[in-house]
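Novice: Listed below, chain by chain, are the residues.
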Amino acid sequence: ETGVTQTPRHLVMGMTNKKSLKCEQHLGHNAMYWYKQSAKKPLELMFVYNFKEQTENNSVPSRFSPECPNSSHLFLHLHTLQPEDSALYLCASSQDGTGAIEQYFGPGTRLTVT
Amino acid sequence: EDQVTQSPEALRLQEGESSSLNCSYTVSGLRGLFWYRQDPGKGPEFLFTLYSAGEEKEKERLKATLTKKESFLHITAPKPEDSATYLCAVILSTGTASKLTFGTGTRLQVTL
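Read top to bottom, the protein sequences are chains A and B.
All the letters of the first sequence, read from the start, carry residue numbers 781 to 894 under our numbering.
All the letters of the second sequence, read from the start, carry residue numbers 382 to 493 under our numbering.
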């Protein structure tokens, strides 16, 4: 595997379900990110982890819970989501978490909340 | 409030018809800018980083330029495989760190 991988690629869940998204990077980077991409809107940064420590939470509702066990893996735990949470969720990584160097993105998880 | 605007929203070109995409910004503390390409159903793919006004970067048929207020992505003699959404992201200084603000993208379609 190379680059940034995400699983699952597609997820349909009800509002009472609990599910998790997984991201893995094979680039040796130290920072990982979660983004939300909705139609006609700019990418929205959700969380930043730098050397496994969360350095940014962009006012994300508590129904989204990130977890970063090491610099290569990132999870997003989902529970009691709302239909407006349906979107493409993208994971990215970069060499550091300063925000000033390029980020490499995974293919995303297309989430539909019913 | 920091704003990043990309234009046009959508662009349809014939193969070989050169054009430019624009990313303009009203921000404070600009540290640089990224260009990304995104294909349907995929994550954004990094293209260029520009840090200084006057800087230019080239890759195949693409050339990115940067001024203090805007960036252009010039596409010379495009091919159908250049069809994608092109995103710009402005790097803003937040003291010791930076944050990215993305535009909404330009959807490019190149036809035969």
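I should point out that these hints are in silico values taken from the structure, not numbers from a laboratory.
Just so you know, these numbers come straight off a predicted model, no measurement behind them.
Glycine is no exception: its CB is placed at the ideal position from the N, C-alpha and C atoms.
Just to be clear, a hint being listed does not mean it is correct.
To be verified - Under the rule of at most 27 Å between Cα atoms (straight-line distance), these lysine-lysine pairs were calculated in the BS3-like manner:
#1 A:LYS832 - B:LYS444
#2 B:LYS444 - A:LYS799
#3 B:LYS480 - A:LYS816
#4 A:LYS821 - B:LYS444
To be verified - Just a few of them, taken from the derived set where beta-carbon distance is under 10 Å, the chain B residues facing chain A:
#5 TYR406
#6 THR407
#7 VAL408
#8 SER409
#9 ARG412
#10 LYS423
#11 ALA470
#12 LEU481
#13 PHE483
Novice: Could you run down the list of hints and mark each one as holding or not?
Specialist: Now for the hints, and whether the structure bears them out:
1. Taken as a hint, the LYS832 of chain A and LYS444 of chain B pair is broken in the structure, with Cα atoms around 36 Å apart against an allowance of 27 Å.
2. A hinted pair counts as satisfied when its Cα atoms are at most 27 Å apart, and LYS444 of chain B with LYS799 of chain A does not qualify at roughly 42 Å.
3. Of the pairs offered as hints, the one joining LYS480 of chain B and LYS816 of chain A holds, with about 15 Å between alpha carbons and a cut-off of 27 Å not exceeded.
4. Between the alpha carbons of LYS821 of chain A and LYS444 of chain B the distance comes to roughly 25 Å, so the proposed pair stays at or under 27 Å and holds.
5. For TYR406 of chain B, the interface hint is violated, since its Cβ never comes within 10 Å of a Cβ in chain A; the closest pair sits about 12 Å apart.
6. The interface hint given for THR407 of chain B is violated, since its Cβ lies 14 Å from the closest Cβ of chain A, which is over the 10 Å cut-off.
7. Nearest Cβ of chain A to the Cβ of VAL408 of chain B: about 13 Å, over the 10 Å cut. The hint is violated.
8. A cut of 10 Å between beta carbons decides the hint on SER409 of chain B: the least distance to chain A is about 15 Å, and the hint is violated.
9. Contact between ARG412 of chain B and chain A, as hinted, is supported at the beta carbon level, the nearest pair being about 6 Å apart and thus within 10 Å.
10. Checking LYS423 of chain B against chain A by beta carbon gives a least distance of about 5 Å; that is within 10 Å, so the hint holds.
11. The beta carbon of ALA470 of chain B comes within 8 Å of a beta carbon in chain A, closer than 10 Å, and the hint placing it at the interface holds.
12. At about 6 Å, the closest approach between the beta carbon of LEU481 of chain B and any beta carbon in chain A falls short of 10 Å, and the interface hint on this residue holds.
13. Taking 10 Å as the C-beta cut-off, the interface hint given for PHE483 of chain B holds, the closest approach to chain A being about 4 Å.
Comparing the model with each earlier hint shows violations of hints 1, 2, 5, 6, 7, 8; every other hint is respected.
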